[in-house]
Amino acid sequence: MPDLLALVVQQSVNGVYLGCLYVMVALGLTLIYGVLNQINFAHADFVTVGAFTAFFTATRLATRVLGLPDTAGYLLSLVAALGAGAVLGFLVNAAVFAPLRQRGDELRPLIATIGVSVLLENGQLALFGPIPYQFDSPLARETIRFGRIFFSAQSALVVAVSVASIAALFAFMRFTFLGKALRAVAQDRETADLMGINPNLLIALTIVIASALAGMAGALLGPVVVLTPFTGASLIVKAFAIVIIGGFGNMEGTIIAGLLVGIVEAFTVQYLGSGLIDLVVFALLLAMLVIRPTGLIAERKEENV
Amino acid sequence: MIARGVALGAVILAVAVLPWVINTPYWRGILVLCAMNVLLALSLNLVLGYAGQLNLGQSAFFAIGAYVSTILIKSYGWSFWLAGLAAVGSAGLLGLALAAFAVRLRGHYLAIASLGFAVVTYQVLLNWEKVTQGVRGIYGIVPPVPDTTALFYLVAGIALLVYALLDNLVRSPIGETLRAIREDEVSAASLGVNGAIWKAFAFGLGAAIAGLAGVFYPGFVGTLVPDAFNIVESFTMLAMVIVGGMGTMIGPVIGAIVLTFLPELLRGFGELRLMIYGVALTLVVLFMPGGIVQAWLALTVRR
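Protein chains in written order, with our numbering: chain C, 83 to 387; chain G, 326 to 628.
Honestly, the hints are just simulated from the structure, not real lab data.
Just so we're clear, the structure is a prediction, and the values are computed from it rather than from any experiment.
Even for Gly, the Cβ is constructed at its ideal location relative to N, Cα and C.
Fair warning: there could be bad hints in the mix.
Said to hold, decoys possible - Here are some chain C residues pointing at chain G (derived, C-beta under 8 Å):
(1) I193
(2) V198
(3) P212
(4) Y215
(5) G357
Chain G with its partners taken away, still in its complex shape (with noise of 0.2 Å):
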């Protein structure tokens, strides 16, 4: 308990610092993207790595919250908390309707009927142009705090406060039971899980999570177009929690950091930088199955 209460304390610290370390406006600002993608890949460990549900439609949930806030506020002049709360309503609910594909299909059939579930949402914000705007996008959408560093420290402490739910959540005997789903839907079944609900639960919370992300991002770029939300979003989530180490709390924030800061650093590589990264993704499955943590902890035990 003193241990984590130090690492708490160790983080805030290290996140009211950072805006003062990292100082140039560009680097800010993907302070504040890696912020948005550890939120992200929360949102996708809870269901897959937690829940064990292959999904790979998250990117969905994250353009929800994005475009349902948007609209309610550029549209209908809500404020911005009242549409983001309605957008991660929106998203959660949408998860729901995911969900309800996940209790009927397993593995591979929801991994492809996820992808399909994510492009369908891709494909209505890019044709139903009277609301979206489609291919020609929503302009000038302004932050809900006046700069960069007051939205990295809203962000960040939404990304902590989230982080904080979900590793109470995983411990709770909420947590035993989606561990259980995953590791065996009939076996838990047979102890009374009712593993409809609890997949719902995941599917929901984890779009809502995603959906919170989503609130933030518009205002961050300044424009909101359908393909900052199209299938390779949902593959990136993927690689952050697969990198970092599925169905572990800090995996997942490793891995979004990670794979936030290294493109940027892989700038100077010019057109190989995707090819590196490309290259990165395949390496860390084939030599580190368990993602980053699990590679730490086998070099820190064998010590």
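Only chain C is shown next, with the shape it has when bound in the complex (with noise of 0.2 Å):
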């Protein structure tokens, strides 16, 4: 294989598994705005709550307690953040989109949740500090080569579970009663209520269901970033923009959007060096604001732009 195309190869793999992960912190908010019509701007400190909870599983409790192999402790974590995220959406609902989801206001929930995210982030710092955690996960050691190309098991781990999650996702959305009164609510929620769909349990459900989806993304992040309480946040503005990309409120363009700002990144490390990530994502967010307001795939609803 020449040189060139070994490495665009090489480059787009690391750009899937990289948008692998933003899918999974993206579709959450896509969730969200879906049936809600809100921005829950402390989604991706769920994220940093994951990533401690299954460090902690798969360090502390999975191993030197249950006295599990390093492999299953890791994959017990992931469970372990699945169930943290699902617990804080449950509490975030309770606490600020249910009280004030009567008064039907786009500003008031987003600067509540900006006062949750602030909580998230510093109550971390209190409990773990500044200085970043090594999160070793037995797979991140382990190298896979095909030919010129090499990506670690972690990466194979991140794609297969995100995958299986998105997948899971769209028979639930697709096949289940539950996923089909969740589209009916997110058409239409008064329409739903009259059918005798009880909205406020739905929305609960797609928040947690949400949430869980960025804990999880927490686990499999954690191993391959700089650990610390502000790592969630510095995807938050990135998993916006791949959201506006896609299209609000859209899963399809959100899956899109995603892998395509990975693969953007995975080019941008290569060709214009990391420090340029940021500007060229939202390079990016706002040409595509100019040429396409709608996203990559419209959204049905025409108030927003």
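With the hints as a guide, bring the two chains together.
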């Protein structure tokens, strides 16, 4: 394989893996926006909580208390992070979104979740300190090689778990009664209510699912980034960019946009340097808003643009 | 009219007396910061509270005011006042650039676009090292006046002027027009209001005022680094406007004062300080949706 082609394939592989992580985070934002028309600014902090939950599950609970082998311990930590995210989602819905929903306001829930975000970040700072944690996943050490293309077992797991979660989510939305009810609420909350669907319950369920995804994304992300109380915060703006590029509230669009941003980022690192990642991603966002403000896949509603 | 005159006199007197009541250098510094925050909150309130545009990128204009003035002074030898004027103009022009997005986008789309705008500005400051020195920062910046007390009088005086200007503006037909756009843009358009022009006006003027606050910031701190203008700064301004009372003139001023002094008073709590700040912000939104001003009105009317 010629050098250039190998390089392009290698960076595309890196990009897809990064993109999968972004999709896991952004998909939750899109889900919440779809049914609730609200933005959760604390969403990415759920990622951090998930990462820390996974860290302590994998390195303390699973291996030292339960005596599990490393890999099983890490897999268990994925589940723990999923649970932590779900609990946070439930709490944020009960404390912020549910009480503020009646007022039909798009600004105040946004501000309230900024408050939650400040609370979570600084709460974790008080608990865990500012010094980065080294989260060793047993899979991050193993390298898989195809010809001249290299990737770690961790990135293979990230892609596998993301694809499985996304497939499960789509199957849930398409084939189960709850999923159909959810889509009904997203389309028209009042009509769904008239058809005997309890929108409050389904909105709570959506936020729980979205937050669980964010928590698990944290467990996948923890071993590949510098883990501090602000790890998630650095992601949030990028996750919003992905949601907008994809078309607010549109799941397919978010997936495409997440992968796109991952790949653009991988090539930016290769050719322009890692300092310019955010600049390139946001230039892409602003360009997108000028050229096609509805996002890659247009939302049905026209009122936002 | 008489009541307003009395109130104005009382405020001027309070501003004049404050540095003598609060006489440690540290707290005088906080006073300057407070006056800057009042300017920033006023600037955001014009766009958010009166024109109803969900703008999360106000920190970009604060940054442009700071960087343009400092670079013109330091690298090109301009005088402070001329550089300040150029910086305010640059911030205003950049505000018009953001308005170009606001004309096409609404609600959450505008919120994220303006956030993206602030991130791009921050990243440019960080990466354009030849001009901005990047993370290394610009050092040894001197304020335009000799001491902190004078700087406080200067910035507070400007804040008072801006307040008076905006107070008259929002009572004028222009204020009516902005409120009409906020309440219902389509209806406003049907009455012959050109939404695009007036949104651009609000963004441009709001950005220029934020830039004006930025002009005084570097001299106050002495150094200039991009991290002073990350998106958290936008959130802080937003919190001031919301906590005080969005869409009123006095609300953001109260919000700026409360949120400047609250973190300082909480310093005794050490690491828990910002946690308390986060909880307080959430609770205000949940239980006082109209901010301090509306809560106060509700209390006094009930009596």
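Evaluated hints:
{"no.": "1", "hint": "I193", "result": "holds (5 Å)"}
{"no.": "2", "hint": "V198", "result": "holds (6 Å)"}
{"no.": "3", "hint": "P212", "result": "violated (10 Å)"}
{"no.": "4", "hint": "Y215", "result": "violated (17 Å)"}
{"no.": "5", "hint": "G357", "result": "holds (6 Å)"}
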